[in-house]
Amino acid sequence: MSLNGQGLRNWFAVRWSAFLLSFFIMALWETAVHVFDVKPERFPGVMQVLRGLWELIRDGRLLDYIVASLFRVTWGYLLAVALAVPLGIFLGTKPFWRMAVNPVIQFMRPISPLAWIPIALLWFGIGDNPAIFLIFLAVFFPMVLFTTSGVAGINPTYLYAASNFGITGHEFYSRIILQAALPEIITGLRITLGTAWLVIVAAEMIAVKNGLGYLIVDARNSLRMDQVLGGMLVIGFIGLLLDNLVRQLERLPSVRWKRLKQ
Amino acid sequence: MNQSSVRPQSLNKVEICGLYKVYEETSSEAALDSISDRHVLTDLNFAVPARSFTCFLGPSGCGKSTLLRIIAGFDTPSRGEVLVDGDPVCGPNPKHIFVFQEDGLFPWFTAYENIELGIRNLKDSQKRHELVLEYLEMVGLKGFGGYYPHELSGGMRRRAEVARALIANPDILFMDEPFGALDFVTRLQMREEMLNVHAMFPTTILFITHDIDEAIQLADQIVLFTERPTSVKEVLSLGYPHPRDFTKGDLAVLRRHIYRTMGVHAAL
Ligand SMILES: Nc1ncnc2c1ncn2[C@@H]1O[C@H](COP(=O)(O)OP(=O)(O)OP(=O)(O)O)[C@@H](O)[C@H]1O
Ligand SMILES: [Mg+2]
Chain U
33 MSLNGQGLRN WFAVRWSAFL LSFFIMALWE TAVHVFDVKP ERFPGVMQVL RGLWELIRDG
93 RLLDYIVASL FRVTWGYLLA VALAVPLGIF LGTKPFWRMA VNPVIQFMRP ISPLAWIPIA
153 LLWFGIGDNP AIFLIFLAVF FPMVLFTTSG VAGINPTYLY AASNFGITGH EFYSRIILQA
213 ALPEIITGLR ITLGTAWLVI VAAEMIAVKN GLGYLIVDAR NSLRMDQVLG GMLVIGFIGL
273 LLDNLVRQLE RLPSVRWKRL KQ
Chain W
971 MNQSSVRPQS LNKVEICGLY KVYEETSSEA ALDSISDRHV LTDLNFAVPA RSFTCFLGPS
1031 GCGKSTLLRI IAGFDTPSRG EVLVDGDPVC GPNPKHIFVF QEDGLFPWFT AYENIELGIR
1091 NLKDSQKRHE LVLEYLEMVG LKGFGGYYPH ELSGGMRRRA EVARALIANP DILFMDEPFG
1151 ALDFVTRLQM REEMLNVHAM FPTTILFITH DIDEAIQLAD QIVLFTERPT SVKEVLSLGY
1211 PHPRDFTKGD LAVLRRHIYR TMGVHAAL
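Each protein sequence line maps, in turn, to chains U and W.
Residue 33 is where the first sequence starts when you use our numbering, and the numbers rise one by one after that.
Residue 971 is where the second sequence starts when you use our numbering, and the numbers rise one by one after that.
Keep in mind the hints are simulated off the structure, nothing from the lab.
A portion of the hints provided could be inaccurate.
[To be verified] Pairwise CB distance ranges (calculated): (1) Met-131/U with Glu-1121/W: 33 to 41 Å; (2) Ser-181/U with Ser-1095/W: 31 to 39 Å; (3) Glu-1107/W with Gln-138/U: 29 to 37 Å; (4) Glu-1121/W with Ser-181/U: 50 to 58 Å.
[As the list claims (entries may be wrong)] Quick look at which bits of chain W chain U covers, simulated, 3 or more residues with Cβ under 8 Å: (5) 1061 to 1067; (6) 1117 to 1130; (7) 1192 to 1201.
By construction, the Cβ of each residue, glycine as well, lies at the ideal position given by its N, Cα and C atoms.
Make the full structure from the sequences, and use the hints.
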């Protein structure tokens, strides 16, 4: 028996109970609001939130905002990953450079991307660019670290075997290094995508005039608590979908070996 | 000190000449001469005849793996040199294939893909396909080509790795306790298969084991090592036919001798 759920066969039952659980929580929420007679301005019930969301769907704003947020996340994320993975592979294979560069990255990483908002606005003005820049920062540094540690931790036997069969050059990097570090890289992709989604919402509260973060600030300013909560639900739901998307990568047969070995 | 000049070169595949290994950055020449407990290998001199099955026996931690890695070109000696066919070793070579103790297969490739790596320089993909299937069948893995290493048993993984090594048609096969992690019966089967392999392929085999009986059953030559700082204690030749019964005759005497040399007196 394994605790990581690998052997779980009844996928349908798992999904079904997750669905039931969320339904139960919403029912509890709705009842509590009525029983304790909470004012809608403080905390609206589920039905009211759904009505507020429906309004946003009908006038097309919700879709626009989702697209705007996803657009920024996608660009910032892809740009960061495209640069971080090669850099991480370089640092992972070159101990000298790793030791030289690591302190800089460790220094940059704990600075919240949100602390960069003033600089982002100053450099990139208004619009998508400052938000994309913030996403980039949120993803880039952790992604470099994940890739670096993945590559540096490759079992030396694989490197011996690769050199034994004369695997060199770009083939060495694409078929050996990248593959051996892929499980860690995918963990990094999953965690940083979550971070990116956290940051985009916060960034949109300040720098832009659309997106899900903006939706929440705008709804609060017009005292629409139902739409504030509606926005939160949508953010959580999309975050869940994104996580599931990247999780699919972990299922690839050429990636699963690492988890099974541990 | 240099035995290599004594024997005619053509008979020896590998010659170890005054080889030292110290795991330390500050291994100056002077430090090498004053032998300390930092030394792993000190002044090794012996030769491995071409086409022989040579087993390395020695106490745990004496440096057998280190020596094999140096001969294979993965590591460098602190002093001295290793000659293969009379030329110094300079790095790994696709004709000198190493079979690792475990994890030698790439886990992200299937058994088929792993074995195919042994002939990656073969241009003809149809021929490649046929060869891989042939070797899969030879090691008893027919139908398992599409399996990933983690989907195979320990013994099947060993076999797949041996197939990957053999398909490369190596001059030298290095094996570092390749069957150490297997159960007793599987290990006996693998031994038998190694003898067949050695009869079928013109390969020099360098084989590390901690199992004295295994060495006696397999080897044409056994190299016995001392404790650290390690040197060669004895080189034994075993010109006996296979299959061998080490409970009788000369082999029983030899076996008792090796056990005693390695400090075991009772387990006979
Ligand atoms: N990278 C290293 N740095 C320092 N010392 C090392 C290193 N690798 C091995 N050693 C030392 O070298 C000695 C020989 O190691 P090696 O792995 O070659 O032993 P071995 O004879 O193969 O042992 P075993 O039979 O247990 O596999 C050991 O005592 C070990 O402490
Ligand atoms: Mg060893």
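Results of checking the hints against the structure:
Between Met-131/U and Glu-1121/W the CB atoms are about 38 Å apart, so this pair conforms to the stated range of 33 to 41 Å. Here the CB-CB span from Ser-181/U to Ser-1095/W is close to 37 Å, well matched to the stated 31 to 39 Å. Distance hint check: the CB atoms of Glu-1107/W and Gln-138/U are about 53 Å apart, inconsistent with the given range 29 to 37 Å. With their beta carbons about 27 Å apart, Glu-1121/W and Ser-181/U fall outside the hinted range of 50 to 58 Å.
Only residues whose beta carbon comes within less than 8 Å of a beta carbon in chain U count, and the segment 1061 to 1067 of chain W has 6; three or more means the coverage holds. Here the segment 1117 to 1130 of chain W counts 3 residues with a CB under 8 Å from a CB of chain U, which clears the bar of 3, and the coverage holds. Beta-carbon proximity to chain U at under 8 Å applies to 0 residues in the segment 1192 to 1201 of chain W; the threshold of 3 is not reached and the given coverage is violated.
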